[in-house]
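Student: Residue-level listing of the chains:
There are 2 protein chains.
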Amino acid sequence: MLVSVASAVRRGLWIGLVVVEAVAFSCVIAFAQIDPMPSWNDGVVKTSIVEFVARVTAQGGADFVPPAERIAVFDNDGTLWCEQPEYFQALFALDRVRAMAPQHPEWREKEPFRAFLSGDKQALAAQGEKGLIELVEAAHSGMTTDEFARSVTDWLTHAKHPRFNRPYNELVYQPMVELLAYLRASGFKTFIVSGGGVEFMRAWAEKAYGIPPEQVVGSSGVVKFELGADGKPVLMKLAKVEFVDDGPGKPVGINRFIGRRPILAFGNSDGDWQMLQWTMAGQGARFAGIVHHTDDVREYAYDRPSKIGQLDKAWDEAKAKGWTVVDMKQDWKVVFPAQDQLTGQAREAKP
Amino acid sequence: MLVSVASAVRRGLWIGLVVVEAVAFSCVIAFAQIDPMPSWNDGVVKTSIVEFVARVTAQGGADFVPPAERIAVFDNDGTLWCEQPEYFQALFALDRVRAMAPQHPEWREKEPFRAFLSGDKQALAAQGEKGLIELVEAAHSGMTTDEFARSVTDWLTHAKHPRFNRPYNELVYQPMVELLAYLRASGFKTFIVSGGGVEFMRAWAEKAYGIPPEQVVGSSGVVKFELGADGKPVLMKLAKVEFVDDGPGKPVGINRFIGRRPILAFGNSDGDWQMLQWTMAGQGARFAGIVHHTDDVREYAYDRPSKIGQLDKAWDEAKAKGWTVVDMKQDWKVVFPAQDQLTGQAREAKP
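So the protein lines, in turn, are chains F and U. All the letters of the first sequence, read from the start, carry residue numbers 27 to 377 under this note's numbering. All the letters of the second sequence, read from the start, carry residue numbers 27 to 377 under this note's numbering.
Pulled out of the complex, with its shape left as it was, chain F reads as follows:
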């Protein structure tokens, strides 16, 4: 390699082109020798991913897909990070209501706030889902979009998971973070398509996954443009749901935000079923993956009867159609990143 580069330099004329190609070629060789997904155990699942990527990136091959069309979509809760014992965004909302309580003396007498803040579980349960939604909405409205984003990043600096005793944004799945990076290195554009709140995720997704805000699709509340008292414009978050990016809402969200059908989709629950169907119904090579939570020692084990992340109909279709199902216990060497991996990821995170 060195010799040919040196002689190209002496020839002069084609230096730019030849040298750039030589450098690119060296990178390809280096890449092929280093396992891009070291946290995955060898097996049919890992092979199915690597083979799919090889097929769609093989220039001149029957299944080649131009980089612009290499759209990959990932559910977030239970697919890229942990979702137990409760969706992390719900835990955030409850912590926020506690933190906001001193500014809301009226909550001392108003349900469901009174029941929740005083620890009256019976009264809170009596409020049912409606009460919970009201608590979550209180944490997500009545403030500007900038204030909300700060409340999320503040929460991540001090809140810790009850079982793993780590900040929530450290409970991302290391094998999936590697998969995202591997896809991007292979010319894919990676997107989150999640039932979670889009503004909640954007506050930390870039650092955790290398996915920039504009590639995060999620549920949203109504936002209103206003001129503040100082004449400066703000966007106020209202207590009104605008779009639920879950179930059949996922292909709708993909159409609305991305405007192109993905060629790869990964989920973990029936909320991802239609997104997987929509992805697989396109022309050409396609990949559908499901993370099956089978590891109650390192994480959690749940599927068909679970309240959170129920995996039932999508699993049946995966079996019938031969989609790739990741067995967390068997296919993943590690689940969560070690401390030094977190640092490396944050440094590498690129839009």
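What the hints contain is simulated information worked out from the structure, not anything from laboratory work. Fair warning: there could be bad hints in the mix.
A pair counts as met if it fits within one copy or between any two copies, since identical chains are not told apart.
Said to hold, decoys possible - DSS-like mimics (lysine-lysine), calculated; alpha carbons at most 30 Å apart, straight line: (1) 347 / 333; (2) 258 / 72; (3) 333 / 136; (4) 136 / 250.
With chain F held as given, fit chain U onto it using these hints.
Tutor: What follows is chain U alone, placed relative to chain F:
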């Protein structure tokens, strides 16, 4: 340059790094010598753009902005392409209703279709805006998203502008196409943020501007996920407005789709006013630009009293705050691309 590269090659060790840097450096030199915006006349407007880009890209400078935050947003109608004598999307819709009429015998007796199809201008005028909206909706609903996209690309292959006698997607502004490419070459990510229909624009924006579907923000109708008769999922377009990306809706759309505040925004009418305000209200270096239509020889001249593309309040604020106002007649060497430029653009268009 060649000598130092050759000696670096002989030293061997740092070849990759040094050579890549040398090549990159040559590119920078070449870039600086070639005018990236040859269709702009020299003057304060062109200078304001070039100086802004230089400031935010100068590593170590006070106004440096990391590439991930170099978000640039552009209105479409009247900013990137012509919007006279009527919004092109409205002309598309009317052509579509004519083309769809044989499949809709019931339209012969039903207003506003009867009036429009029979050329009964008086009866159509009596229907007012409601009638026009009904015609536009008919062309935008009752079909799948894929079928709609095909109807747009089909239309572009045969429909021609009544004055310029060219396909509508050739009536993009060559100086703005150059600006978009210049910004991307300077590390910006370019977005459309338009009151136009998002699915209408996505059908041709990538080829015309080099802006991929996922970077097009626009108005939208409700779309529904369904399983077709063959069990294949489709997205059906319903006759119901979902989101109007105009006026105060533009900062809302930017928040929803992009999730980051732009540092550069370009518009041409009061529909872009809040987007410009929102962009300028952020921290650090900012750029707001307005295309003023002053050229009724090469294009059209209109501003304050215009029904389409009214420019009044945003113009006043531009004058008061020193935003950049492009005088089309004075600042642009050409308006529309020549045939050979179109070919070049299509070839270069990259996501």
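Student: Decide, hint by hint, whether the structure agrees.
Tutor: Results for each hint:
no., hint, result
1, 347 / 333, "within (25 Å within a copy, 55 Å between copies)"
2, 258 / 72, "between (51 Å within a copy, 28 Å between copies)"
3, 333 / 136, "within (28 Å within a copy, 51 Å between copies)"
4, 136 / 250, "within (26 Å within a copy, 38 Å between copies)"
Checked against the numbered hints listed earlier, the structure breaks none of them; every hint is satisfied.
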